[in-house]
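2 protein chains.
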Amino acid sequence: MNIRNILPAILLATGICLPGTAQVASVDMLIRGGLVVTMDKDRRVLDTGMVAVRGGVIVAVGTERELAGRFRAPLVIDAAGKAVIPGLINTHTHIPMTLFRGIADDLELHEWLTKYIFPAEAGNVTEAFVRAGTRLGLAEMIRGGTTTYCDMYYFEDAIAGETAKAGVRGVLGQTVIGFPVPDYKTPEDALAGAERFIRKWKDHPLIIPAIAPHAPYTVATEYLKRIRALSDRLQAPVLIHVSETQAEVDTIRQRYGAPPVRYLADIGALNERTVAAHAVHVSDAEIDLLRQAGAGVAHNPQSNMKLASGIAPVPALLAKGVAVGLGTDGAASNNDLDLWEEMDMAAKLHKVATGDPRAVPAAQAFAMATITGAEALHIAHLTGSLEAGKRADIVIADLDRFHQLPRYNIYSTLVYTTKASDVRTVIINGRLVMRDRRLLTLDEPAIRREAAQYRDAVLRSLGQ
Amino acid sequence: MNIRNILPAILLATGICLPGTAQVASVDMLIRGGLVVTMDKDRRVLDTGMVAVRGGVIVAVGTERELAGRFRAPLVIDAAGKAVIPGLINTHTHIPMTLFRGIADDLELHEWLTKYIFPAEAGNVTEAFVRAGTRLGLAEMIRGGTTTYCDMYYFEDAIAGETAKAGVRGVLGQTVIGFPVPDYKTPEDALAGAERFIRKWKDHPLIIPAIAPHAPYTVATEYLKRIRALSDRLQAPVLIHVSETQAEVDTIRQRYGAPPVRYLADIGALNERTVAAHAVHVSDAEIDLLRQAGAGVAHNPQSNMKLASGIAPVPALLAKGVAVGLGTDGAASNNDLDLWEEMDMAAKLHKVATGDPRAVPAAQAFAMATITGAEALHIAHLTGSLEAGKRADIVIADLDRFHQLPRYNIYSTLVYTTKASDVRTVIINGRLVMRDRRLLTLDEPAIRREAAQYRDAVLRSLGQ
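Residue numbers (the numbering used here), protein chains in the order written: chain B, 575 to 1038; chain S, 575 to 1038.
Just so you know, these hints were derived from the structure itself, not from any lab.
Note that the coordinates shown come from a computational prediction; the quantities given were computed from them, not determined experimentally.
Take these hints with a grain of salt, some might be off.
In silico DMTMM-like cross-links for lysine to aspartate or glutamate, where the CA-CA straight-line distance does not exceed 25 Å [as the list claims (entries may be wrong)]:
1) Lys894/S to Glu682/B
2) Lys689/B to Asp763/S
3) Lys739/B to Glu762/B
4) Lys739/S to Asp757/B
5) Lys759/S to Asp777/S
6) Lys739/B to Asp930/S
7) Lys894/B to Glu682/S
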């Protein structure tokens, strides 16, 4: 290896500019002129900033003045008057459930699950259904500026395939559950399938394969322990629903003599690759356990509200140093995959819940959708901020829509007024996946057609 | 008057089709082929419906089959594949405060008001400022499908002028308050100004002039009584903030020995033209008093959450027969004027607040943004539903965006997934004010320019 060949790359990646080396470097893409919200450690906001991308990696972030003349690129994107932000991170989804969006709402939980969701899943969820639902969800997420999502469902290998094809980053967990489901009939088979799934995808540039034990109340202790061992062996994330409802807490207490997080800690099921979805009903002592394990939390404000699950103690989790990201949950319980609404909601919900209008300020809500979300998924070394060395997951959004005017504070503008429809251009891993609101990696008419076909099938399966 | 001239109009308006009179009638506008959500008493939803408009009035609503061949019009709008719904009603705004959108967020209430909002208002609110802020707010509201709004601010005559010019319906209240404000220095002057304002606008086809005593804690008993008398004399609505915070309730209890609604009832300040904004902290007995008076309530879920005011007992208010509409409040405390988000929020907030996922179902949330909102403003005879005889306030919205697919239930689709950006075309009082997302009554570049100019002035006035 010739040091002269790699030196410029090192200098670019580190941002160091040695005297005499200030030559013009070739990169793949330059984003110029926008208001760059880096979400780096110093939370730098660059009024007229530049981002340079090469080989899928951000090689430089700075002001136009700092970087003037240092780069040339075949693709220069003019972001003047727009925000250039880290791609948003949706930390909890069941993406194929987009096809169940709105099949049944506003029902008592048991009725909702047993009369609609479970029969609809049993009667419809095939690999082909999962692929169609994933494509629909990916289209919606890209259009809203989500560049990474964390999913748990069935046929996760098909989800990974569609996600990779669309060029989206995913932490994707194959479900393990204690009863027969569409892809595996036993937890033993699901566990073996999850291991195969992880081995297949573990070196993919976009997919971080994971294992997803559904919840403490649906997966036996033995399997939770074996899943922890698998996670350690393969360095794979563990995605699990935890303490979503009070009923779950009561069940686990009755069954194991401890609340869910304490139980998981006691059996050694928590580790530094755990992502706990919901964590609505957790005590201060359990928050400490999550922190000690290094687990992340996926907070789903809209789903928790719609299903009347409760309000997660997000200010307390954050105060104790737990990384909390934002998630939409599945479209059957939200009913969309819109991170902008979750940001707005998280900022407002915890103010009214605590009685303190200073709780979860806009900058913190925006962090939860970006860098803190990446930390919650244990992938902050890859994404979540605009910094040299990170993968190029970048969103360009309008700042001049009437509902955004005027602008006094960029975080207020982003969290309280910016909508998914304000996202213009989306780059993931250095690849353009949407430009000026045109999707570049998905077939829009086909997605619409499939949604209509599966809708009819779902209605037939429910006898409607 | 010749009976032959007016008979067709009567027949059209009543929807009666006499034998032998089934000739083709000329109307101004036909909206064809859309999914018509009427919000009439029977909550009729017409899969392929038609709406005929003449002279600003809806003359017929029916299926294509029912109305086939009955009308011809110079303007036929094809709404195939789209939703045709009543225009949305924002029951509580301070529209010029759009220019303060995001000047200060996430602060303790006293600091927010005394360090930012009050100085910003004192230093900037002139008639010209009010006109610019109104135009910005109108642009945002029209783009989101709001056709009627209820406002209380200073220089309300200027707001009425801009609103009429833009072709938007408004219940607009001139503020009366117990201390010097930008337009009037004493409540006596404000009261006289309000009377002039009401007399000037009372026969306008779009503007319903009102009087707006700010709140029980900022307006003396004497003025509240005189305002009630003025309301009775001129048939003008009374818009008032009531029981927004616990601090207000404590103040009023201490001052008058009763909580705010009870106090207002005791002094005879409530009538069947009252619109009470917020009603967050009201007892069951006070809900009964609101019902007995025939007062409407403007519920502002996002503002109440963001300012940590509390959660209004909306299910109880509705159960007891109080008409509750939805409002955004001013853009400084929301930070937008988006009724779609308020619908979604109202449906979700009251589920988690009551612990009952059946609370405020989608159809009820949609009613609050349309017909029940019209009832809350005491204008349900004019607007709020698509019915022959009502003014033609009509919105056409997309139903095929990815975030809306597939569609199982129209109310779920509208409330849980449809966004302001999905609104395509807006008709108010029979006039097109937006077509295919192009505003027809407002100067978009001028609004952007003014927003930037006033932003700079506001920052200067705050010493920034």
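Structure-based check of all given hints:
1. Only pairs whose Cα atoms come within 25 Å are accepted, and Lys894/S paired with Glu682/B is accepted, the gap being roughly 22 Å.
2. Distance check on the hinted pair: Lys689/B and Asp763/S sit about 63 Å apart at the alpha-carbon level, beyond 25 Å; violated.
3. Among the hinted pairs, Lys739/B with Glu762/B is inconsistent with the structure: their alpha-carbon atoms are about 30 Å apart, more than 25 Å.
4. Between the alpha carbons of Lys739/S and Asp757/B the distance comes to roughly 61 Å, so the proposed pair goes past 25 Å and is violated.
5. For the hint pairing Lys759/S with Asp777/S, the CA-to-CA distance comes to about 28 Å; that exceeds 25 Å, so the pair is violated.
6. Annotation: proposed proximity of Lys739/B to Asp930/S is violated, straight-line Cα distance about 41 Å (limit 25 Å).
7. This hinted pair checks out: Lys894/B and Glu682/S have alpha carbons roughly 22 Å apart, not beyond 25 Å.
Going through the hint list in order, the structure does not satisfy hints 2, 3, 4, 5 and 6.
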